[in-house]
Amino acid sequence: MSGFDKVVTRYEDAMAGLRDDMTVIAGGFGLCGIPEGLIAQIKTMGTKGLTVVSNNCGVDGFGLGILLEDKQIKKMMSSYVGENALFEKQLLAGELEVELTPQGTLAEKMRAGGAGIPAFFTATGYGTPVGDGKDVRYFDGRPYILEESVTGDFAIVKAWKADRYGNCVYRHTAQNFNPMAATAGKITVVEVEEIVEPGELEPSQIHTPGIYVDRVIKGTFEKRIERKVTSEEGQ
Amino acid sequence: MSGFDKVVTRYEDAMAGLRDDMTVIAGGFGLCGIPEGLIAQIKTMGTKGLTVVSNNCGVDGFGLGILLEDKQIKKMMSSYVGENALFEKQLLAGELEVELTPQGTLAEKMRAGGAGIPAFFTATGYGTPVGDGKDVRYFDGRPYILEESVTGDFAIVKAWKADRYGNCVYRHTAQNFNPMAATAGKITVVEVEEIVEPGELEPSQIHTPGIYVDRVIKGTFEKRIERKVTSEEGQ
Amino acid sequence: MALTREQIAMRVAQEFQDGSYVNLGIGIPTLAANYVPDGVDVMLQSENGLLGMGRYPTEAEVDADMINAGKETVTASVGASIFDSAESFGMIRGGHVDFTVLGAFEVDVNGNIASWMIPGKLVKGMGGAMDLVAGAKNIIVTMTHADKHGNSKLLQSCTLPLTGVNCITQIITDLAVLDVADGAYHLRERAPGVTVEEIQEKTAGTLIVDGDIPEMKIK
Amino acid sequence: MALTREQIAMRVAQEFQDGSYVNLGIGIPTLAANYVPDGVDVMLQSENGLLGMGRYPTEAEVDADMINAGKETVTASVGASIFDSAESFGMIRGGHVDFTVLGAFEVDVNGNIASWMIPGKLVKGMGGAMDLVAGAKNIIVTMTHADKHGNSKLLQSCTLPLTGVNCITQIITDLAVLDVADGAYHLRERAPGVTVEEIQEKTAGTLIVDGDIPEMKIK
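Chains as they are written, first to last, in the numbering used here: chain E, 1 to 235; chain U, 1 to 235; chain V, 1 to 219; chain A, 1 to 219.
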């Protein structure tokens, strides 16, 4: 089944084809479940003018935040972009554009993009700045706004394990936006902690079927924690 | 956590509250993954005028087909209703209404119903009888039709295992429409092969989170096979 | 006397019923988890994809792959489930979460809420708040009744950009518990020692006071 | 000579590339799985929620919970994944399936297809066919060139209710391989021993014959 073997070993190959002004959809929530090595590769490549669709934009010096350092990002579509002084600076200087999108709408836009749904109605954002200029329609007497789906030239995804065919499983809350991102890229690249052989993952327990995945690379992860909070045993 | 214990032991309790003219969403594909005991309970109750949303309507004498025997179903929303002589007879006699819906649109209607999406655009059915009278809109130059979501007064679901809190896992292709059906019922009842204690199912491997589920009952299943096809070893 | 943050959280927690699924925003709402009454169990939904949020981890349990919507390290409680963000917001938007508790800058008599954007200040985003207010069955707003300058936050009509419209049904402040219905605030309870007159004075929108208003029961 | 069902299936299978994800309809399309060329691996998608459909089970392997879209008992191949119907059709509608092969009553020069409904006959439903033709990257229609009365099924304009519009790109019949583009059929290959004239005669819609038309290579 060589035609289904999606493993690449070099990050240059993992991100080959990424060009200036492309759109990249990235999984992750805060710094949890982010494709660290793929982001680093984009920084290395120096690709400019990127539109990045991701719930957040990392922090100063880590995650997607490192793509701000050389002004590689033209526009972010996110639900929350705090935690990042450089982001703020570029935004205020007009060097960076941001399209704030409610978190659930963002997740649904990615899912819809991957699932051939060009647009859907949601109550989220009606009557708020998010709804400005969008079509409104009533269902059962309640107003909803029309939101369009999003797709990317690339999707970059962090999974826990993948087999060679690209079937992925995610670990704990590092799942977050990753499964939807995986469906929405013309080229979907998954960075994983472990590559296993086909058949090792239970078919019914696969989160992302390999059909969505074009390339798989094994990474090493720092997994930085944004807010470490602990309690005493038994509390 | 007694407030989360959803296990009932009697089928009367499992389907309590079902009334004439209600809408029931049912999981299953053909005879695979159908809530046999819950269907039997509806037959026992004799509830009439039901609108049933399910990919198929069982076969003569088994699955949802048994609800035709006493003319309990007023309307079916399905993608395929072959394999059922009684269905055909009632349909031709005008005793039964059918709304044929493409399989993917049906799945998406259930998912949307459970997920607070009142309507979505799809290319499926455009230019066909399915699209007649539906809103058309172009995205990127391609026409799509607007499909509305569906919800039920009840959803009846077949899972493999559930814990007492209603967290479910499905087995093999008996998954099919069940997870979407589970989200789309005002009251969702799950019939399972095995009830386990909370904590026994791995959190990241749960297909249906318990929040969607109101009642869980342990059933025994005939699991009739519609088309048994076999091959010799190694073929 | 005006309630403390902890006392507001205590009063919020009294709303929960046994078997409630609850999403708690950052700040006072999060504190409510500490005051759930005896005999009542709630399951906490964290919108990054966790139903059944548990306590904070011990040092040994800390796991970067296990965080809550506030990006804090957490644990999963027994019977938890973990899922992707589309499922999480399907759950929220589809009305499956029983209670959402969140803070606000302003609310108004039509159940509108403004909680995410102050024009002229840098906007960091709405996160999941717009989805939560559009979806939950019961939305409880917790906040101080007035801002630090003494200006009421319970307005006739919100002045800031909205988070959601016609969605707030209950407000629990340091001074009072109020329902929002039919274009007015309905006073239900007073903080211990706080008079109806003081609440009236600090409520800018139409306030309906019907009959005797009991004091809240706060331990 | 006109191809047999098996020969049509053989010719269809030549279209697949190594690494293709393929959905095969009932009938001739299903047979194509038996003729995938050496060195080419395909993964079969069954729209009830199985990617990586394997062979039929042995008697001992038969499992009521493991069926395909034709409701036949099947097995999963190594590396398969199983998922719900919404995911399955997200995959289909979203254009992730490389090839869909299905039968038809009629097609026309605009890439329209009619395959599910004959007015006056009882309609059993479209199943997943409308989603498949709306979504797959490449749709191959397999059918006999003419019906049993000798009437062409390759029309200028379909007469039956449609399954999908502007979606068919390739047709493989017992007589020919044709592409559909720019409002015409383009003849690409002839069945061994079948003349261009016979194909022309049995094709009701505009047929473009450009240069020499080679014979199909069928083992």
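Calculated directly from the structure, the hints in this document are not laboratory data. Remember, predicted model here, so these are calculated numbers, not experimental data. For glycine and all other residues, C-beta sits at the position ideal for the given N, C-alpha and C. Just to be clear, a hint being listed does not mean it is correct.
Stated by the list, open to error - Here are the simulated DSS-like cross-link-like pairs (lysine-lysine), alpha carbons at most 30 Å apart as the crow flies:
#, chain 1, residue 1, chain 2, residue 2
1, E, K89, E, K218
2, E, K71, V, K148
3, V, K219, V, K148
4, V, K124, V, K137
5, V, K124, E, K134
6, U, K48, A, K124
7, U, K186, V, K137
8, U, K134, A, K137
9, E, K74, E, K89
Stated by the list, open to error - Simulated DEER-style distance windows between Cβ atoms:
#, chain 1, residue 1, chain 2, residue 2, range
10, U, E69, V, I218, 28 to 34 Å
11, E, S231, U, E97, 47 to 53 Å
12, U, E69, A, I208, 37 to 43 Å
13, U, F62, V, D38, 55 to 61 Å
14, A, T206, U, G61, 28 to 34 Å
15, U, E97, V, T169, 52 to 58 Å
**OP:** For U:F62 and V:D38, compare the CB-CB distance with the range 55 to 61 Å and indicate the outcome.
**Re:** 49 Å, violated
Original post:
Is it true that the C-beta distance of U:E69 to A:I208 lies inside 37 to 43 Å, as the hint says?
Top reply: 56 Å, violated
Subject >> Verdict for E:S231, U:E97 (Cβ pair) under range 47 to 53 Å >> reply: Roughly 58 Å apart at Cβ, these two residues miss the hinted range, so it is violated.
Original post:
Are the Cα atoms of E:K71 and V:K148 separated by 30 Å or less?
Top reply: Between E:K71 and V:K148 the Cα gap is close to 40 Å, so the pair fails against 30 Å, i.e. violated.
Original post:
Holds or violated: are the alpha carbons of E:K89 and E:K218 at most 30 Å from each other?
Top reply: Roughly 34 Å between the alpha carbons, so the hint for E:K89 and E:K218 is violated.
**OP:** With 28 to 34 Å as the target window, see if A:T206 and U:G61 comply at their CB atoms.
**Re:** Taking Cβ atoms as reference, A:T206 and U:G61 lie about 51 Å apart, which means the hint is violated.
Subject >> Proposed proximity, A:K137 with U:K134 (alpha carbon, max 30 Å) >> reply: Judged against 30 Å, a Cα distance of about 25 Å means the pair holds.
**OP:** Verify the proposed pairing of E:K74 with E:K89, using a straight-line Cα cut of 30 Å.
**Re:** Holds: E:K74 and E:K89 sit about 14 Å apart, inside 30 Å.
Original post:
Are the Cα atoms of U:K186 and V:K137 separated by 30 Å or less?
Top reply: Roughly 13 Å between the alpha carbons, so the hint for U:K186 and V:K137 holds.
**OP:** Decide if the proposed pair is consistent with the structure: V:K124 and V:K137, CA atoms, cutoff 30 Å inclusive.
**Re:** 27 Å, holds
Subject >> 30 Å Cα cutoff - pair V:K124, E:K134 >> reply: 22 Å, holds
Original post:
Between U:K48 and A:K124, does the CA-CA distance stay at or below 30 Å?
Top reply: Between U:K48 and A:K124 the Cα gap is close to 23 Å, so the pair holds against 30 Å.
This entry does not satisfy hints 1, 2, 10, 11, 12, 13, 14 and 15, going by the numbered hints stated previously.
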